[in-house]
Every structure is written in C-alpha cells, then in structure tokens.
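Throw the hints in and build the complete structure from the sequences for me.
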Amino acid sequence: MRFSRGRNFLFRVPEGEELLSYINEFAERNNVLIGTASAIGSLRNPKIGYFNENAGKYRVINLEGTYELVSLSGNISLKGDKPFAHIHVALGDPEGRLYGGHLVEGEVFVAEVFIQELLGEPLERKKQDNRLVLWDAEKI
Amino acid sequence: MRFSRGRNFLFRVPEGEELLSYINEFAERNNVLIGTASAIGSLRNPKIGYFNENAGKYRVINLEGTYELVSLSGNISLKGDKPFAHIHVALGDPEGRLYGGHLVEGEVFVAEVFIQELLGEPLERKKQDNRLVLWDAEKI
Amino acid sequence: MRFSRGRNFLFRVPEGEELLSYINEFAERNNVLIGTASAIGSLRNPKIGYFNENAGKYRVINLEGTYELVSLSGNISLKGDKPFAHIHVALGDPEGRLYGGHLVEGEVFVAEVFIQELLGEPLERKKQDNRLVLWDAEKI
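Protein chains in written order, with the working numbering: chain A, 1123 to 1262; chain B, 1123 to 1262; chain C, 1123 to 1262.
Careful, some of the hints might be misleading.
Said to hold, decoys possible - Okay, the calculated bits of chain C under chain A, using three or more residues with CB under 8 Å as the criterion:
| # | segment |
| --- | --- |
| 1 | 1123–1133 |
| 2 | 1173–1179 |
| 3 | 1190–1196 |
| 4 | 1203–1216 |
| 5 | 1220–1227 |
| 6 | 1245–1254 |
Claimed, not checked - Example chain B residues on the side facing chain C (calculated, C-beta under 10 Å, incomplete):
| # | residue |
| --- | --- |
| 7 | 1193 |
| 8 | 1204 |
| 9 | 1209 |
| 10 | 1212 |
| 11 | 1240 |
As the list claims (entries may be wrong) - Here are the simulated lysine-lysine pairs, DSS-like style, with alpha carbons at most 27 Å apart:
| # | chain 1 | residue 1 | chain 2 | residue 2 |
| --- | --- | --- | --- | --- |
| 12 | A | 1261 | B | 1261 |
| 13 | A | 1261 | B | 1169 |
| 14 | C | 1179 | A | 1169 |
| 15 | A | 1261 | B | 1204 |
| 16 | C | 1179 | B | 1261 |
| 17 | B | 1204 | B | 1169 |
| 18 | B | 1169 | A | 1179 |
| 19 | A | 1201 | A | 1179 |
| 20 | C | 1201 | B | 1249 |
Calculated from the structure, these hints are not laboratory results.
All residues carry an ideal CB built from backbone N, CA and C; glycine is no exception.
Shown next as structure tokens:
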C-alpha cells in the first residue's frame, strides 16, 4: 500500500524504560497509527524471539548483560484498535558477536529512536493461516 | 547526489515469493527508479554473498532452514535501463546467532517491506575498476 | 522531538576513505545539523566499540580483513557546534558470521550511504551522568 508522509520524531528514551512498551506507548500517545521505526543504543538483558514455523510459535532467547543495540528496524500499524510496533533487533556482546531476532523486551541503557509516521488508509494486522498476525499480502 | 522525496510503500510480500526478485519486480511495475528499501520478517533457505576483494567475485553462503530477517537495508537505482535493488540482510537462527551479507535469494515466510522512492537525476550503476557495478563515487 | 523533513542524499563514498570521518565531513560541508544515516557496502579493517557500563568506557574490537557492511544505522546531531554522527554497524565475515557495535572507524571498499536531513530546533549532545554524551531524554 501507498502512503503519504506524516510527522518525524527523533528522540532518546529515558534510561531504565522497557523499549518495546515505550515505543508502543509513544505511538499511542502521539496517535502514530502507521509508520516505520529505527534505533541504535544499548540494551540490558534483552529477550528476543525466533518464530518456529513448524511449532507455530516463538522460541524466546534470554540474553544476559548489556548489549549494543546495533540495529532496530520495524513498523507501526493497527492491531485491534491500537497502534502496534513490530520490531526486530541486532545486539552486540562485548566481543562484538551479534545476536538478534524479534524484540520481545529489553531495558534501555541508551536508545536513540527515529519514528516516521505514514498517513493513509488503515493498515491492520489480522490473524492469518500461518498463526501470525499480519497485514493482508500485496500481490504484484 | 541530492534527491527529493517520492512515494512511500509499506506492504507484506506474499508467502512463498523469492524476496529479491519480488522487490525488483515491485520497483519495475511501480516505476520506482531510485529509492531506499528496508524490511523485517522471516526467510527460508536464504543465500547470502560475501564479496572477496582479491578474487573479485562473490562467495555464496547457503543457509538452510528458516531465519528471522533481522534487518534488510539497501537501495534501488538503475542498472541498464531497469531498476535494480542492492540489498544486504542480517538473519537470525533458532539460537539467536546472526549471519548476513549481500542478499542473493531467499524464500519469503514473512516480509514486511518499506520502500521510499527518491526523485531526481538518474542514478546509474556502471562497471568499475574493482569489478563491481557501482555508482560514480561522490567526492566532498 | 518532532522535526520536519529536509534534503535527501544518496551517494557512494570513494574507495579508501575512512567512513565515519567521511560522514561527519559530509554533514559539516552540507550543513546537515540533524538527520538519520543508513548504508550498505564493504569495509576494510573496521574497528567497533562496545560500551562497558561498569567501566564507563568503550572496549574497542579490531576486526581484520574485509567485511560486508550488512547494516549501518545512526543519526546526526550537534556536539559542540558541529554536526556529529553516531553510527552502529553490523559486519559480515567470509563465512557470513556477523560482528558489530559502535562504529569507531573503517576504511571504505564500497559504501552506499543514505542521509536524510531533519529540520527543527537544535538537537544537542551533552555529557550525562552515565558518562555518555547524549541528548536529553524524552519522557512520555
């Protein structure tokens, strides 16, 4: 789907906040219903998910300690009647090795977040056959 | 080079499509000649490339199974007379370990893609001395 | 903070340049005071940092050889009276394994960079209690 461009937000999340909840709450308070998100920083004890296709559910990986937030990318759309952020992250350990997946939670040490709002028809997540909650696919 | 901003596309690629071909075809059908691309999702049996400077060619790494698409970043420009997507990806295995490189191919389980079109003078890839097909470099 | 959108730059950095200095110099010469940055390409002998919370300083990891630049994400804001790029990178070795963290330096083999300028009130980095130089945090 095609969208026009809305507001642009660039900000630092306060230390100690849980990052995923913060982004969701930021979107809700600012009424960002559709958009993209990116960030860099550093997270404490992040939990990431790997979606197991056969099992039809997430396997959660608990990382302990503080990790560099090397990349965060994702989007905001509607799930139910609220904005919902779907976010993937890459995380670096003290040796520079990277881990990553679907962001489940992570405590902010530092997070510099960029959110760009998109405007247009509602983009909604719905339960799909593969047990994930996704937008309808776009055929070309 | 400096560009103005064109259209914004945020969409889900249908399950089973090959992601790189899909992005290229999407750009061609929508006449996106210059732009940037990002995405998250999950890919089956992705193949990634590492460009070996000395050999002057890509080494292809075949990953087996389903991987989280932790980041996808890249751009669209002209190669010959068609839009061409140059894309790098980070991919997570069930333990959360990341692999990545130049996207050669990958079957979509889930892919949520954001493409932003840029408008301006043609940005073209040409064969360079280092055996890669690149834009002319920009000196500052 | 909320910003409006400025100029869009998409370009290739000449081979042999040091990437972080180049981005900083590009921002300064083009008077980009606030913005976001992303890139893909390939870097030689990159150095990346892991910020050790307890020690209050970066541990520098020296990678040898040529690595795929799988993702680069970050932002530009003011530090002192100059634009300053804060950049994190993910880097792939010949086996496709990823390493990454805070970009300290890296020699460009290939770098295709996208910078989007943001316009608004000055966004400034200041020394914070945690010994990092950050923007004031945004409470919601």
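Check your understanding: Any hints this thing doesn't respect? Which numbers, in order?
Key -> Hints 8, 12, 16, 20 are the ones this structure does not satisfy, whereas the remaining hints hold.
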